[in-house]
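Could you put the whole structure together from the sequences, leaning on the hints where they help?
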Amino acid sequence: MLDLAHIPAFANLRSMGDGRGVIARERRGIAVATVMARKGQSAALAAAVKEQFDINLPLGPHGSGSDAMSFLGTGPGRWLVTHDAGTPRFVDSLAQQLDSLASVVEQSDGVGLLRLSGPALLEVLAKGVAIDLSATAFPAGSVAVTQIAHMGVTLWKVDEAPTIHIAVARSMAGSFLHWLEASAAVAGLVVDS
Amino acid sequence: MSISRRLASGGLIDRSKPINFTFDGKTYGGYAGDTLASALLANDTMLVGRSFKYHRPRGIFSAGPEEPNALVTLRTGARGEPNTKATTVELFDGLVASSQNCWPSPNFDLRAVHQLAGPLLNAGFYYKTFMWPAAFWEKFYEPAIRRSAGLGALSGLDDPDTYERSHAFCDLLVIGAGPAGLAAALAAGRAGARVIVAEEDFVLGGRLLSDSAQIDGVSAASWAALAEAELGTLPNVRILKRTAVFGVYDGEYGAIERVSDHLSVPPPFAPRQRLWKIVAQQCVLAAGAQERPLVFPGNDRPGIMLASALRTYANRFGVTPGQRIAIFTTSDDGWRSAFELQKAGAEIAVVVDARTEVAPDVRKLAGNAPQFLGAHVSDTSGYRRLTNITITDSAGQTRSVAVDTLGVSGGWSPSIGIATHLGGKGSWSEEKSAFLCNDLPPGMQLAGAAAAQWTLTQALENGALAGAKAASHVGLGLQAQKPILAGDEASGNNPVWLFKGSRRKAFVDLQNDVTATDVALAAQEGFRSVEQLKRYTTLGMATDQGKTSNVNGLAILAGEIKKTIAETGATRARPPYVPVAIGAFAGLHSGKHFKPTRLTASHAASAAAGATFVEAGQWMRAQWFNAPGENDWLQSVTREVKAVRSSVGICDVSTLGKIALCGSDVGTFLDRVYINTFSTLPVGKVRYGVMLREDGFVMDDGTTGRLSADHYVMTTTTVNAGKVMQHLEYCHQVLWPELDVQMVSVTEQWAQYAVAGPKSRALLQALLGGACDVSNEAFPYLACAEFHVGNIPLRLFRVSFSGELAYEIAAPAGYGEALFNALMQAGKALGVTPYGTEALSVMRIEKGHVAGSELNGQTVARDLGLGRMMSVKKDYIGRTMAAREALIDPDRPTLVGLRPVDRSQRLRNGALLFARGMTPAPDNNAGFITSTAFSPGNNHWIGLGLLACGLERHGEIIRAWDPVRSGDLELEVVDPVFVDAEGARLRA
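Top line first, the protein sequences correspond to chains A and B.
Here the first sequence stands for residues 1 to 193, numbered as in our numbering.
Here the second sequence stands for residues 1 to 988, numbered as in our numbering.
Note that these hints are calculated values from the structure, not bench results.
Mixed in with the good hints, there may be bad ones.
Said to hold, decoys possible - Once the Cα atoms are required to be at most 27 Å apart in a straight line, the calculated DSSO-like pairs of lysine-lysine come out as: (1) A/Lys39 with B/Lys874; (2) B/Lys685 with A/Lys39; (3) B/Lys17 with B/Lys241; (4) B/Lys482 with B/Lys469; (5) B/Lys432 with B/Lys563; (6) B/Lys364 with B/Lys343; (7) B/Lys562 with B/Lys425; (8) A/Lys39 with B/Lys723; (9) B/Lys469 with B/Lys425.
Stated by the list, open to error - Rough simulated footprint, nothing fancy, chain A against chain B, three-plus residues with beta-carbon under 8 Å: (10) 596-606; (11) 630-644; (12) 760-773.
Ideal Cβ positions, reconstructed from N, Cα and C, are used throughout, including at glycine.
Listed below in structure tokens is the structure:
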């Protein structure tokens, strides 16, 4: 039978510079889906998400859930869902669970996911992100669909450590790493495996 | 042997940290805390360059960013940076600088002969002299002028350093950290506001570093250090040193931070400079003021400096620039400079004040130095250094005084440049003798000397008030501020704009060598507005942007045209306020990082297979694959085409846009965006579609497959992927929000490969085994399916761009490389060949398929032979406009196939088409060639073109004229489909 090897988006993530200013880890094996509410089904969808996953469906640029499963609000009636349990065909089952309430589209391979933390994180991200990521303007739980160095990214602030999850288009992983290395090396970029 | 002008003690330099540096090849010593200028002056080196036009010897004039004279080239080789102001360069060990605009040296400059031509080089010289003959301009005059013009020279080497951008957000941006700025930052910072303090200098304090005043019982410099220390303890305050704010934009400020300019080489991974975009709710502009020079004959000699600069060199750097110093002033502040210089240990030879009345308290500041009131300096002498000044007293008597330094003080001009960036304009205040800005950008306040609050007490109070006000604007309560106690000083001024005397030149703009006579000449010749004056004389147009010359220049103009300064007005400052390197704007985006690069999943495997890549938007696509022994692209492409046509080939088509469309109304939605019908498309089928722009022209084409009842996947061309997505979002969100349609791009999710050729089915059968039945019966032309192999979802589409039996197979991108390798492995026995975009293009031209060259925004569906697809049973975007008279004109150019009558000839894209025997002239033009290729199947070049009445002209011989490449040949018009016209192969 056809047996294909999977290559993660950020296979080339590497440490650079001295220090531990930014700590990066690729979130591998995460199922990702775009969930879009069907017409007129937003309330029913929120109820179903609450019932089936015990997650309050966010109605703005916020995230709900945990590392295991989260709904990130990325637009009106639109969420990026991540699931960390490594369940095969998770997105297919999610589509069935939300059938007729939402359209669910597989994106697990469309994005590369990084978990970023470290004392210099916000200073480094400011070199690419044109929005205010401080605790006052972008508290933990906030989500932003924005861009870094002309590349579309989705950011989710997990906590005020700070820890930020970031999703980048897979084809741009190389260009994104160039930006990250160039911006973070001065403070030290460390890959946390 | 040079003399040390360093004072025995004092100054804010660190005498425990000596520094060696080199200027014009000679090694000197300085201290940490010095600028290049202060260190040169400490080494008695005043003369540092030659003037722009006349190559006159020029010395250090100021102690700050307004410097017009002391421009040097910093560093050497690739790191060489011309036109750097020595007065702002922070001294570092091993610094190497050299003078500019002189050869061989500033002491002896051969081009000083320009001075002899001085009378000819007055305002408008170029315009008047190089008028005739006109033909000489481009070939002779302009090159000659360019050779002798310009300051400094670039190395011509790649910049070895990096630049970066950053963003910052705050409640209050304080521009300038002098007394007003520090007071503002303290007030707002203590109230809890997020504050950013941007200071161009490498030490905070501004004038506090140059004055000996006492604040709250400590020295001014100590108070600045204490303020900085307190700000450092506030987590809501950020201090950006070496950072100049250069522009105000809507709610945003641009600033340039010189991160590593004070080091010989940036530390590892550190940029040389950082460009900041600062978003600030409020702003306090506390940029201070600049002292105005005085305009009098011979006022440009080395040794003539701003009086306040002398005081800065003495108090901040512990340097007295001369042995015998004279002060020439129209302001009380000139007397204060005399006082500070004497206090620091310098000898004041004389104080000359143009005013007849000066308060006794002020006169006391000069101590025992001789004083002349109602007098002025009417002449000077000394070539490479000032030796004498001539004083004309109130009775008209003249006397000569031997001095080597003259401090001039004509009052102060508030630094309001950036306050006018959003359209405000300075207005003249007679009371303050200065331009003030009342029309400020939203959220901006002026404080301190920038608001013409001249005295130290005023600056501190005014700054604290502005800071508190800014904090209250962002909702933070006003905290009671303890008053800052400082002495007050006299600040009277009565400006005199031009002093007469000898016939020597009286310079207004030192950097561009504009004299008072030039200003008068401009007025005499009718250039009577400040804007005209500026352009005619180049006043204020040098790299210093006229910081020391603009006000004097326009005041002299006002006198010439008998108007007040208020009536004459000022030119408006534009960003950037300080020069900013283009590299800083580019940041990391230089070279191949100019834009992001998108790589497909097969990139590495393709490269290993010999691919040459081509940019397609941001994507890199394999253009062709070099086989061993091939050294010509056409050779490789021809081999690839032959392999596909005879066996099987693989091409990465992942870059095509892929859009998932979901919901119960997708069929209706597609009917409205495509010219043909999609609501009838069965599950498991694919259909080719064309969409129009609202104006009726073709926008894009592609296939859409129906994977399940309410899940479709649309493909777009690579280049139009973003545009089509945007168009569909617009259609749904704005035009038909009532439809149950959801859409998202899945271009990134799927790696997709075309498997084309008569043996493509055999390859897929070998690859997939029983996972999917790909027989013609189970999976006919235009079928599609989604299935799993293990847990990996795969998609298969039976579509063909080449005209052969062909499929496209897709896997999640993470499996893309493995799938490419598996396809190559499964096809090994069949002779599988990877092919690139060139072979793809050859085959689509052979098949008569339109692509980007034909979908050029000027063609309608009928032009492309797709008119019959336009449904008459439904409405769709572009339908009405496509019916416009000109767009249904039967004479419009339509798609035809073209082949050379002489089969050995090559066709060229863009060649113009004419009827046989017609003269190539615009009126006779009948179209052009859109696409060409060497067709291996036909063994000659073929082409597609748009030809007037093309459908009726099959068989006609026409003329293709290619003036760009000297081509002129005869072509035969044929059907655009060159292979398998009946489509038997793709349905096989």
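Here's how the hints hold up against the structure:
no.	hint	in the structure
1	A/Lys39 with B/Lys874	holds, 24 Å
2	B/Lys685 with A/Lys39	holds, 25 Å
3	B/Lys17 with B/Lys241	holds, 21 Å
4	B/Lys482 with B/Lys469	holds, 15 Å
5	B/Lys432 with B/Lys563	holds, 18 Å
6	B/Lys364 with B/Lys343	holds, 13 Å
7	B/Lys562 with B/Lys425	holds, 22 Å
8	A/Lys39 with B/Lys723	holds, 24 Å
9	B/Lys469 with B/Lys425	holds, 24 Å
10	596-606	holds (count 6)
11	630-644	violated (count 0)
12	760-773	holds (count 4)
The structure does not agree with numbered hint 11 stated previously, though it agrees with all others.
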